[in-house]
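Protein chains: 4
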Amino acid sequence: MNGTSKKRVAVVGARGLVGQELCSLLLRHPTLELSHCWSTQELTGDNSNPVPGAPAIQAWNGGAGVDAVLLATPHGASAQLAAEALDQGAVVIDLSGDLRIKDLALWEATYEQTHPCPGLVDMAVYGLTELARDEIKNAQLIANPGCYPTSVLLAVKPLVQADLLQPDATLISDSKSGVSGAGASPKASTQYANVHENFYAYGVGNHRHAPEIQAHLGGPKIMFVPHLLPCFRGILSTIYVQPREGLGMKEIHAALSEQYAQETFVRVLPAGEQPSLHAVQNTNNCLLGVAAVSSGVVITSAIDNLQKGAAGQALQNMNLALGLQESEGLL
Amino acid sequence: MNGTSKKRVAVVGARGLVGQELCSLLLRHPTLELSHCWSTQELTGDNSNPVPGAPAIQAWNGGAGVDAVLLATPHGASAQLAAEALDQGAVVIDLSGDLRIKDLALWEATYEQTHPCPGLVDMAVYGLTELARDEIKNAQLIANPGCYPTSVLLAVKPLVQADLLQPDATLISDSKSGVSGAGASPKASTQYANVHENFYAYGVGNHRHAPEIQAHLGGPKIMFVPHLLPCFRGILSTIYVQPREGLGMKEIHAALSEQYAQETFVRVLPAGEQPSLHAVQNTNNCLLGVAAVSSGVVITSAIDNLQKGAAGQALQNMNLALGLQESEGLL
Amino acid sequence: MNGTSKKRVAVVGARGLVGQELCSLLLRHPTLELSHCWSTQELTGDNSNPVPGAPAIQAWNGGAGVDAVLLATPHGASAQLAAEALDQGAVVIDLSGDLRIKDLALWEATYEQTHPCPGLVDMAVYGLTELARDEIKNAQLIANPGCYPTSVLLAVKPLVQADLLQPDATLISDSKSGVSGAGASPKASTQYANVHENFYAYGVGNHRHAPEIQAHLGGPKIMFVPHLLPCFRGILSTIYVQPREGLGMKEIHAALSEQYAQETFVRVLPAGEQPSLHAVQNTNNCLLGVAAVSSGVVITSAIDNLQKGAAGQALQNMNLALGLQESEGLL
Amino acid sequence: MNGTSKKRVAVVGARGLVGQELCSLLLRHPTLELSHCWSTQELTGDNSNPVPGAPAIQAWNGGAGVDAVLLATPHGASAQLAAEALDQGAVVIDLSGDLRIKDLALWEATYEQTHPCPGLVDMAVYGLTELARDEIKNAQLIANPGCYPTSVLLAVKPLVQADLLQPDATLISDSKSGVSGAGASPKASTQYANVHENFYAYGVGNHRHAPEIQAHLGGPKIMFVPHLLPCFRGILSTIYVQPREGLGMKEIHAALSEQYAQETFVRVLPAGEQPSLHAVQNTNNCLLGVAAVSSGVVITSAIDNLQKGAAGQALQNMNLALGLQESEGLL
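Protein chains in written order, with this note's numbering: chain A, 1 to 331; chain B, 1 to 331; chain C, 1 to 331; chain D, 1 to 331.
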């Protein structure tokens with residue numbers, strides 16, 4: 001490996017939790033160089049990077065001089081940055097919600113604003129890696145999936161695509177996330193006082209990830225209720241499905257096992273076993289458990305929200321888009 | 001108040017978490033005296049009570065000399081103790097699972113043993129206080145509900161009784177409990193190492209509280225999946241229901257609000273608000289939230305598993321059975 | 001007890017953690033009425049009290065109409081409020097640092113500002129209850145001690161007063177506090193992300209409680225280093241002392257045991273036993289452990305920082321100043 | 001790198017927390033192969049390794065067939081295993097306390113047993129890497145230091161060796177450890193119920209690491225008091241030292257900075273800054289902070305107890321003893 005041949009990658013928004021995770025992963029990547037960290041916010045005297053060893057923060061230059069740009073920037077701001085970086089020829093991976101929903105009206109209702117860059121939406125590939133690998137390999141612009149949607153869609157989208165579920169039965173995803181999903185900036189809800197030894201549902205009926213899940217699931221309706229766990233990292237979604245008549249836990253388990261048999265990062269546990277957050281934290285893995293409960297089937301899906309739910313999957317997608325081995329820097 | 005007129009109460013199994021909670025509550029009770037703590041295990045040199053101020057542990061004497069006996073003893077052992085204490089004329093509240101299920105065959109399948117005392121089962125009143133108050137007032141023997149069943153049944157049993165739900169739609173209770181639900185004795189699953197920053201589903205498809213919930217819910221089928229939270233106290237059940245055609249969140253919210261309008265310990269939050277564990281820990285309260293999610297209705301039900309889910313409800317029941325004010329010692 | 005004869009008490013600063021603790025304690029107080037909660041900040045539309053059942057927040061009226069005022073307000077602002085309430089004839093307990101240090105120059109160096117009300121300083125009694133009970137009974141103005149100073153001074157001031165320590169040996173207090181010591185307003189240091197599974201020393205060499213401890217200890221020098229624990233409530237100070245020649249652990253233990261033999265809230269454990277935070281949380285107790293380590297003696301002192309370290313001790317002092325039983329509302 | 005040329009390493013005691021950490025580190029090591037995991041306990045049906053990818057547990061074969069053996073076994077049992085493996089020609093690193101103290105009488109008083117293998121004691125090099133590197137390079141048998149001693153000795157031994165401290169002033173190390181220091185087997189003290197939101201001193205005056213620290217510190221007396229933190233990983237020792245007359249914080253900071261200027265794993269922070277557990281968890285680093293507090297100097301020393309305090313330092317030592325780069329597999 002010749003160091004000078006490494007492809008150059010930039011992170012925008014390196015001060016956030018996802019941005020920091022991207023920097024940490026890229027510093028360990030064998031064939032990519034984290035060459036720049038850009039910010040669109042006014043730079044202060046202290047431009048040091050919170051991740052030791054990562055480049056200092058510099059002003060956004062439009063995305064010039066790198067092979068790929070990772071946007072860990074807020075929705076509403078990301079799409080415009082994507083447009084600029086595409087103009088510079090970079091591969092762009094947007095980790096915000098800007099480009100995840102094709103239906104503009106739905107996007108605008110969900111995010112309660114006019115879309116900042118509608119022209120990009122159709123071009124963006126929804127980067128749920130294991131289910132869109134071929135498109136991702138050829139993509140110039142990738143909309144990285146949300147954390148909750150990743151945990152839910154990996155578990156049930158193959159079942160919908162294979163038509164194994166009752167089409168008129170509503171799926172339910174009861175999802176729980178660690179507090180890192182709420183970002184780095186201090187707020188009351190993420191204070192230790194309010195998180196430790198606590199637990200509650202939030203955003204019931206109006207979370208932005210609900211339309212994203214529904215849009216990419218297709219087919220049956222899904223109810224999604226997120227909760228805040230008293231821990232830092234990880235999402236576990238408990239998903240209730242109704243198989244078609246004549247099918248049961250065995251067939252669901254077999255279908256998912258076959259779907260993911262060759263995957264590095266998605267694994268189906270033996271029937272009846274359940275994944276834990278401990279088993280996925282600080283990894284890019286998604287672990288799936290399948291079990292029968294009275295008349296239905298329950299799938300539990302565990303990921304690290306900052307890795308497979310954000311930075312890890314982004315890197316997985318970038319590897320593919322840049323022609324590298326998918327798992328580089330992620331094992 | 002004349003101290004000598006206080007009714008005398010005993011706790012059996014005072015070393016467990018529920019037993020300790022009972023002792024703590026009884027020490028603060030204005031009109032009951034915690035006169036004895038009995039154990040059926042061999043007594044060692046140290047018979048001190050883990051709760052400061054509570055009576056030292058003594059050998060079980062068959063239940064003589066007290067007005068009421070609270071059994072915080074394991075299933076399989078409790079029913080026999082109940083029989084002995086009834087013979088002594090005491091009011092008996094059994095906090096184990098021995099007397100919660102009327103169907104003997106179901107009980108034996110659930111607990112994987114022959115029932116130790118089948119003759120008592122019919123006599124026992126299932127002590128879900130707010131929904132069985134009149135029976136409890138006249139009861140000599142009360143089967144105190146399980147922690148998960150309390151959180152679930154308070155939320156949905158009134159809806160079933162009022163026939164507000166689609167009879168052939170399966171209810172789902174995705175329930176989460178703090179680790180105190182697993183008891184005081186050291187085991188791998190309750191080690192700090194395995195609990196902190198972790199979360200997972202367990203007992204999927206085979207938890208003993210599932211048949212108890214189904215038996216007392218009547219009517220529609222219910223799927224129940226418990227999870228272990230990285231915290232000590234509290235249960236939150238997220239329950240998905242399908243109202244009858246023409247009914248929705250408003251009607252469900254109104255029905256529960258009316259049901260519990262006069263209750264001291266069960267409160268329905270304004271529509272769309274969700275309870276947290278913080279709001280119920282160290283109280284005997286059950287807080288209910290009702291919200292609409294796409295086509296369905298979600299009810300979140302929060303209790304303290306050691307209080308309303310065990311010792312608190314037991315004391316509430318004992319107050320009633322002894323002719324006292326229901327809330328004495330619980331506010 | 002005739003309700004109309006209850007003395008009336010007000011809390012200023014009820015939105016903070018200490019203010020909330022005061023409100024909670026006062027709501028349970030048998031012979032005091034929490035009649036008002038005042039704020040000096042601009043009132044917004046929502047003037048509800050974060051503690052259910054406590055009075056809504058009203059604008060500060062100068063302290064009229066109550067028997068006592070508890071100031072849970074910031075240093076720099078409290079002293080002026082104290083002056084106004086004294087003018088109205090109220091007993092005033094200031095929980096801020098404004099009146100804890102008699103030496104004005106030291107106060108101004110410590111708090112880096114001009115003292116807002118120097119005329120009050122001499123009048124204020126330093127309310128370390130067990131060591132200043134007689135003065136407190138007759139006080140109109142009480143400076144409630146800081147949380148760390150309470151934990152340290154209760155452990156060692158009696159030893160200094162009895163001249164049991166080597167006068168030229170420096171005492172060391174290695175103190176650790178839960179995060180509630182840092183207040184309720186969101187900041188980076190109190191985010192769950194930065195507290196959980198973390199621990200560090202802070203304010204080394206420049207914490208405001210160091211001069212307060214030294215001023216009230218008298219005699220020997222003391223080094224004080226505070227640390228932030230990954231928990232919510234409680235302070236544990238580990239204090240290293242050098243007894244005079246010929247004295248050792250036994251004599252230190254005996255002296256403290258005798259000092260506190262009749263106290264309700266301060267207890268000395270059997271020699272060699274150590275207190276834990278669990279043993280004092282949500283109580284007004286201070287537990288002291290004494291042990292020998294090689295050539296020295298170690299005293300560990302545990303309190304709940306929001307109770308004995310703030311609101312509890314304030315109430316204890318107010319009980320005394322109003323002529324009530326010291327422990328009312330605190331057991 | 002030719003895989004067949006990798007040196008072969010075995011871990012004994014792979015089921016413990018330290019053993020698991022060793023396995024995890026060795027699986028990522030570029031030039032060593034974790035070829036065997038041995039146990040001296042009776043093997044049951046399930047001989048799988050708790051670390052995915054690590055070799056299954058096999059019966060102890062006396063240490064044949066490997067280049068080095070890492071003993072993560074209990075004191076009292078380790079020394080005999082070391083003797084057997086030495087006979088087979090392996091380099092041996094013992095992570096137990098068996099070989100850390102040269103004075104046999106002191107060892108036997110500390111561990112309350114007859115030494116199992118006194119003939120090995122003199123041969124063992126005490127593996128505090130940065131302070132004994134040359135001996136370690138040539139060692140066949142290394143006694144890996146305890147976790148607390150590592151944190152304390154790295155901070156103060158260079159100061160004693162350079163004669164910068166008052167020889168008759170007692171040093172104090174107030175040390176705090178996460179619960180992983182107490183091992184993996186379930187016990188009451190490591191239950192979530194007893195750890196979360198708790199904190200206390202333990203082993204005051206009789207912890208086994210006190211004689212180890214004193215023996216290797218030489219010179220001045222040191223008082224050591226350990227505490228249990230409500231977290232999983234990490235040790236922070238707050239150490240109080242008295243510099244010789246005319247010396248102060250600056251000179252102490254300069255001496256430590258110079259001592260460790262070229263080190264990969266030990267770093268001295270800028271004067272006045274304090275390390276946190278977050279900064280060292282899951283690394284082999286020791287971070288040192290130096291600050292002035294009134295008349296004295298405080299050094300805070302932070303390590304990960306399972307890495308620099310156990311498995312990481314063992315690997316660092318093994319690298320040296322096998323002629324590899326010291327930091328291999330540890331960055």
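Don't read these hints as lab results, they were simulated from the structure. Nothing here was measured: the structure is a model prediction, and the numbers come from that model. Watch out, some of these pointers could steer you wrong.
Repeated chains share a single entry, so a pair holds when one copy, or any two copies, can fit it.
Each computed DSS-like pair below joins lysine-lysine, with the alpha-carbon atoms no more than 30 Å apart [unchecked claim]:
| # | residue 1 | residue 2 |
| --- | --- | --- |
| 1 | 250 | 221 |
| 2 | 6 | 250 |
| 3 | 221 | 157 |
| 4 | 102 | 221 |
| 5 | 221 | 7 |
| 6 | 157 | 102 |
| 7 | 157 | 250 |
| 8 | 221 | 6 |
| 9 | 7 | 137 |
| 10 | 157 | 7 |
| 11 | 137 | 157 |
| 12 | 137 | 6 |
| 13 | 137 | 102 |
| 14 | 7 | 250 |
| 15 | 137 | 250 |
| 16 | 6 | 187 |
| 17 | 187 | 137 |
Checklist entry - Tell me, which hint numbers fail for this structure? => result 2, 5, 8, 10, 14, 15, 16, 17
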